[in-house]
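Trainee: Which chain is which? The protein sequence lines are A and B, in order. Start counting the first sequence at 1; every next residue gets the next number (the working numbering). Start counting the second sequence at 1001; every next residue gets the next number (the working numbering).
Just so you know, not all the hints are guaranteed correct.
Said to hold, decoys possible - Below, in silico cross-link-like pairs of lysine to aspartate or glutamate (EDC-like), each with a Cα-Cα straight-line distance of 16 Å or less: (1) Lys1028(B) x Asp343(A); (2) Lys1032(B) x Glu337(A); (3) Lys1032(B) x Asp343(A); (4) Lys121(A) x Glu105(A); (5) Lys106(A) x Glu1155(B); (6) Lys1029(B) x Glu251(A).
FYI, nobody ran anything at the bench for these hints, they're computed from the structure.
The primary structure of each chain is shown beneath.
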Amino acid sequence: MIIREFGARHARRALAQPAQQACIRALSTHPTMTTTALADLAAAGALTNPNGGGEPKPNKVPAIFAANAKGTRRKRPNEVDKTAEVHARGLQLKAQIGSLGSVVEKRYRPGDVFLNPPGPKDVTLELLMSSQAHMGHHASLWNPANARYIYGIRQGIHIISLEQTAAHLRRAARVVEEVCYRGGLVLVVGNRPGQSQIVTQAARLAKGCHLFTKWTPGSITNPDYILGGMKMQMVDENDEPLLGYERHLSERLPLVPDLVVCMNPRENYTLLHECALANVPTIGVVDTNTEPSWVTYVIPANDDSLRCLAVIGSVLGRAGETGHKRRLADAKLGIVEWQTPLDVQNFMNIQRKIAQQEAKAATIYNASEDELADDES
Amino acid sequence: MGGQRQIRPARVYQTVSNIMNQRILPHKKVQKPIWYDVIQSIPPSETLTRPFPPQHKIPNPKVRRPSRLYQPQQLVYEEDALRRQFYKDHPWELARPRVIVELDGRDAERYDWSKGLHQPGLPLSGESVVQRQMWMMYNVEGMTQEKAYDIVRHEFYALRHTEDIERRIAKEEAMKVGAYFGKSYMQIGMELEDREYESWKKWAGKQIEAVRAEQDAAYTNFGAAEEADPDSNDFGADEMDMEGEAPAEAAQTK
């Protein structure tokens, strides 16, 4: 047998009461609470209007049928502003009971990697493992050229050897540091969604350029057309701006990066190919299905994990920051490891020649004036 | 685009060296790039070669021509057997979602499996059972795999039971202060049973009708005037037959 409506609550009957209960109630010591039916009350006349009936009201037409009915919204009374009172009460309560209860510790915060970016010295196997750098793609989707970076297979995916990752990451960090020490321009690229913060932080630390949208093909091989009119600045060895080069800056070719760091080389073939054509070295995060020969320096790691790329970006950014600091410290002592670029040298030579000719012309003019003056006198 | 091997990126240094050395126009100045000395002192690492992969299992000595020698191997641990056993016995534990986010990679150093199944920062799951079982097997005198498994899984059941009670009480407390939930399992079960009952009733009705129809067809109808069609020409045909038979029977009985 099936019981229907199992668990239906039987509601308290508020009004109707059986007659015998009234008798029992009259005998009890409890104060009598007459819960009789409404009909009885009406009959007894208990529900008459205490204010008197007044005139009988004419038949009122409901507002929705009346053409010119006014809005019958309930008027809210003018509210007094109690914000200050409420706030004070809240503070009082917090002081009294705010410290009660358990303390929930937030030990992992994804934003910590941006507040306190780790450097090359903080690279440990534990850090890389917690950042999910060891997780490659499914074993059937691998690129056999990456076999040397793979530790084993687990749960159907290839596990990247974290010792390899750490070694390659440290090597790449040294390259970034040295390039920045010599005043090189680093371009950090990462087009996938979520990589913009990683890429901009790394570029900011390394005082380079960032790109988190699509690479416009031809930016390196056809720079006049693609990047024409970009603002540039001339600085000296202490990073102070130099005046007098405005004409050169408006006429010269756009800059080509000295080093390109790519977070997702699989989606940036065009960029990496252009860099190869223009002889620009590249560093790339290479997953188990990525082609390693597309980049100069390989960092075997998981390119699908934002946490992993944040660590890698921070490490390279910090390395660049160290390189720039060293460069400026050495520049104060007069040690400068870089030379003025050839196009700037040409411009300076031309300007020097013009200046010399002008000076020569001025001396001739002055000499001729003196001669005239001597002749006159 | 791609899948194609490129050689230019790895040879950037050699290419630029050749360009700088081949002075086609001797008077034209040549400047080495900023990164030239850097790559010279920090060359890129070896790529594309396939060294012998890390070995995770003892190779079979009988195999004379081992194939797949240079392929990566499966990672195996002794806990795998214990995990297989646990999840075979408790398949619904696989349906419980697991969070495998780590703090700093040194989480395992903070676990003390002698203290119990519940470790700070690690949700209760089959993994805790396996780790505690391993600890017992290696740290307790006279402990076998089966004994440790039985002890630990009973601790696990007690903890899961506690969790269930907490969930139930939490729901009741919430309902007391006005929360409302979706249908409970009891209600869903009752609705499914009701639906089955209704469909069974329809089927049963059809079966009854079919049986009745069979029974009716089995016996001829005596005095079934109301069933005869008033427009048919066979009016009285049955009666005539019956009249024919009845005296014959009467004659027989006599």
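Trainee: Decide, hint by hint, whether the structure agrees.
Mentor: Here is how each hint holds up against the structure:
Note on Lys1028(B) and Asp343(A): the hinted pairing holds, with a Cα-Cα distance of about 12 Å set against a maximum of 16 Å. The straight-line distance between the Cα atoms of Lys1032(B) and Glu337(A) is roughly 12 Å, inside the 16 Å bound, and the hint therefore holds. For the hint linking Lys1032(B) to Asp343(A), the alpha-carbon distance of about 13 Å falls within 16 Å, and the restraint holds. Taking the CA atoms of Lys121(A) and Glu105(A), the gap is about 27 Å. The hint is violated against a cut of 16 Å.
Using a Cα cut-off of 16 Å, the hinted pair Lys106(A) and Glu1155(B) is violated, with the two alpha carbons roughly 28 Å apart. For the hint linking Lys1029(B) to Glu251(A), the alpha-carbon distance of about 20 Å lies beyond 16 Å, and the restraint is violated.
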